[in-house]
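*Asks:* For the record, the sequence lines run as chains Y and R. All residue numbers for the first sequence refer to my numbering, where the first residue is 132 and numbers rise by one. All residue numbers for the second sequence refer to my numbering, where the first residue is 132 and numbers rise by one.
The hints are simulated quantities; they were obtained by calculation from the structure and are not laboratory data. Ideal placement from N, C-alpha and C gives every residue a C-beta, glycine not left out. There's no promise every hint is true.
As the list claims (entries may be wrong) - Here are the computed distance ranges between Cβ atoms for each label pair:
{"#": "1", "chain 1": "R", "residue 1": "R163", "chain 2": "Y", "residue 2": "G220", "range": "49 to 59 Å"}
{"#": "2", "chain 1": "Y", "residue 1": "P143", "chain 2": "R", "residue 2": "T296", "range": "34 to 44 Å"}
{"#": "3", "chain 1": "Y", "residue 1": "H214", "chain 2": "R", "residue 2": "G220", "range": "20 to 30 Å"}
{"#": "4", "chain 1": "R", "residue 1": "T229", "chain 2": "Y", "residue 2": "D170", "range": "52 to 62 Å"}
As the list claims (entries may be wrong) - Listed next, the stretches of chain R that the computed footprint assigns to chain Y, with coverage defined by at least 3 CB atoms under 8 Å from CB atoms of chain Y:
{"#": "5", "segment": "292-303"}
{"#": "6", "segment": "327-341"}
{"#": "7", "segment": "369-377"}
To be verified - A few chain R residues that face chain Y, going by a derived Cβ cut-off under 7 Å, partial list only:
{"#": "8", "residue": "W390"}
{"#": "9", "residue": "L416"}
{"#": "10", "residue": "P421"}
Listed here are the chains, written in short residue letters.
2 protein chains.
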Amino acid sequence: MTRFLDACYRRPTDATPVWFMRQAGRYQPEYRALRARYDLLTLLRTPELAVQVTRLPKALGVDALILFADILLPLEPLGLGLHFVPGEGPVLEHPLRTVDTILGLRPFPVEEALGFVLETVRGVRAVESDLPLIGFAGAPFTLASYAIEGGGSRHYTHTKRLLYTHPHAWDHLMQVLTDITAAYLRAQVRAGAQAVQVFDSWVGALSPRTYRRAVLPHLQRLFARLADLGVPRIYFSTGTAGLLPDLQALDAEVIGVDWRVDLGRAWDLVGGAERVAIQGNLDPLALFAPPEVLAAEVRAVLDQAAGRPGHIFNLGHGILPATDPDQVRRVVDWVHAATAS
Amino acid sequence: MTRFLDACYRRPTDATPVWFMRQAGRYQPEYRALRARYDLLTLLRTPELAVQVTRLPKALGVDALILFADILLPLEPLGLGLHFVPGEGPVLEHPLRTVDTILGLRPFPVEEALGFVLETVRGVRAVESDLPLIGFAGAPFTLASYAIEGGGSRHYTHTKRLLYTHPHAWDHLMQVLTDITAAYLRAQVRAGAQAVQVFDSWVGALSPRTYRRAVLPHLQRLFARLADLGVPRIYFSTGTAGLLPDLQALDAEVIGVDWRVDLGRAWDLVGGAERVAIQGNLDPLALFAPPEVLAAEVRAVLDQAAGRPGHIFNLGHGILPATDPDQVRRVVDWVHAATAS
């Protein structure tokens, strides 16, 4: 139970803990069987089913569970109209495109609007005594970019245009999303989540200068509002090798990094093992390699951590749907065997 | 004439030179008028028209011209069937998906197959005496990923699978593409190109470990084969802030970086102004900001170069089609005014 949480606090562990972003869902046959009967939003909104999906990866031998949910769920009660289009991903029916609409946004009571997520958290904790449960939310920038673009984006044209042209509206939007996210994560912890991860999946689109000005202050406020919860706070982003030195200004227990930077170098850039734990960073595509190549890739990540306490093994981004669960199981076993003390 | 070339060799200049990736085309009304009459492949393959497009950005006050061409042109004589689908970008009709097909690939004589590009180079040099002409080609990895995926890609699944599973086929493909690219750039310089840029636009998808093993040795061979040409060699990539320390092993006169890393830090990571010149790195989206915000962004890039010789001002990636040419002109004027000695 304590291996993952100990590593978050950089305490020695009996082996390096391992879990996988997106481990609940997609690539697992048991999940696909459920999806054949229910659409994605139904699965997400039905606590009984979401509890079941959250616990599926136990069979893989992971050291933590992560809530089965979606970072975009809070955009629905904001009135943006969330849909999942098969093959295309999430689409927001009413993207934020005017300053007036943005300035009119207000936080909503998360306990009511997202009660089904909290119910899932309570449901997992009621039946699960072996593994800690990680709650999560989207980071304000990543939520804002989805809300403004209306879905995934290549250039973030609308987002950056707003940020450059209407800094007042941008800051209001970021403040509202920060307030919602803080309340949402606090509620998840009250419901039983034992750690929280903030996903800033798309913030790598920004220059360090823009990040420092338009994003980091909001993240600092968000993390400060989670500081008294007594659970580890993980900040995860991708494509941000150029931003890592700026993350020294963020008060988080764990920094998650993608595979586009050597894990050891990333750790040094965010302040080293004396300051923060690190999570990552196998390329999710390495799971498509032959086992002997995969083993070498896993070994290379572990070598970068070089036996320092505070390494949580993970991918650099979510597991892809076509991944073979046997490969995932191999990684878990190898990480544990290679680091057992 | 010499401002850009001097900066490439880190010699003092009368002002910081500036040019823009993708400056020839797309966002210019004169280009769009031509495109209304000719499709893209016709424009690319008709030297008389390509010469005209190459020279259009002169009106903006830039310090160098870059050949109007496309990095994927060499994939056509390789038999992959190149098309440009409006709104979707390039599509290859016959992507490389089997080891046998890849092992059967051989370099082709570039002077015959891509003679129209060389004709364009000669055509520009015959009429242009004010500005140096930059030739270019796609880097082996970026060409390989297009060839294997059949177009743009999000996860590079087929590419990474090949690289992990069939390293022998991967190396053969990279060698063939390196041979073709070296011959192609040598032919461009013989035809009159006064600098060459190698575009590794998608290599940021790789981990540093994979880059060092599967890509860098081929790049080193490519750059070695261009060393005797007596023109500056520029290596450009995006999303590669985590790979910059590895680029110290590449013998290039100039490293181009995107906006996802502070330019001054990037320069230090690739060896500093004592070793190499740097090109970049304004976010192309900054051109959509109000002029006063754009001015501050330009200033921030220049401040990072801090008066060191060897800075070539550019974007961090290509100009987007919706860009206002007046904004581009402003940037040119500001860079020159702010750095005039």
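*Asks:* For each hint, tell me whether it holds in the structure or not.
*Replies:* A quick look at each hint next to the structure:
1. At about 32 Å, the CB distance of R163(R) to G220(Y) disagrees with the hint of 49 to 59 Å.
2. In this structure the supplied range 34 to 44 Å holds for P143(Y) paired with T296(R), their Cβ-Cβ distance being about 37 Å.
3. In this structure the supplied range 20 to 30 Å holds for H214(Y) paired with G220(R), their Cβ-Cβ distance being about 26 Å.
4. Range check, T229(R) to D170(Y): about 37 Å between beta-carbon atoms, so the 52 to 62 Å window is missed.
5. For the segment 292-303 of chain R, the assignment as covered by chain Y holds, since 3 residues bring a beta-carbon within under 8 Å of that chain's beta-carbons and 3 suffice.
6. For a cut-off of 8 Å, the count of residues in the segment 327-341 of chain R with a CB near a CB of chain Y stands at 7, and the three-residue condition holds.
7. Under the rule that three or more residues need a Cβ within less than 8 Å of chain Y, the assignment of the segment 369-377 of chain R holds, with 6 such residues.
8. A distance limit of 7 Å between C-beta atoms decides the matter here; for W390(R) the minimum to chain Y is near 4 Å, and the interface restraint holds.
9. Evaluation of the L416(R) hint against chain Y yields a held restraint, the C-beta minimum of about 4 Å falling below 7 Å.
10. Hint status for P421(R): holds, given a least beta-carbon distance of 6 Å to chain Y, under 7 Å.
Violated hints for the displayed structure, listed by number in ascending order: 1 and 4.
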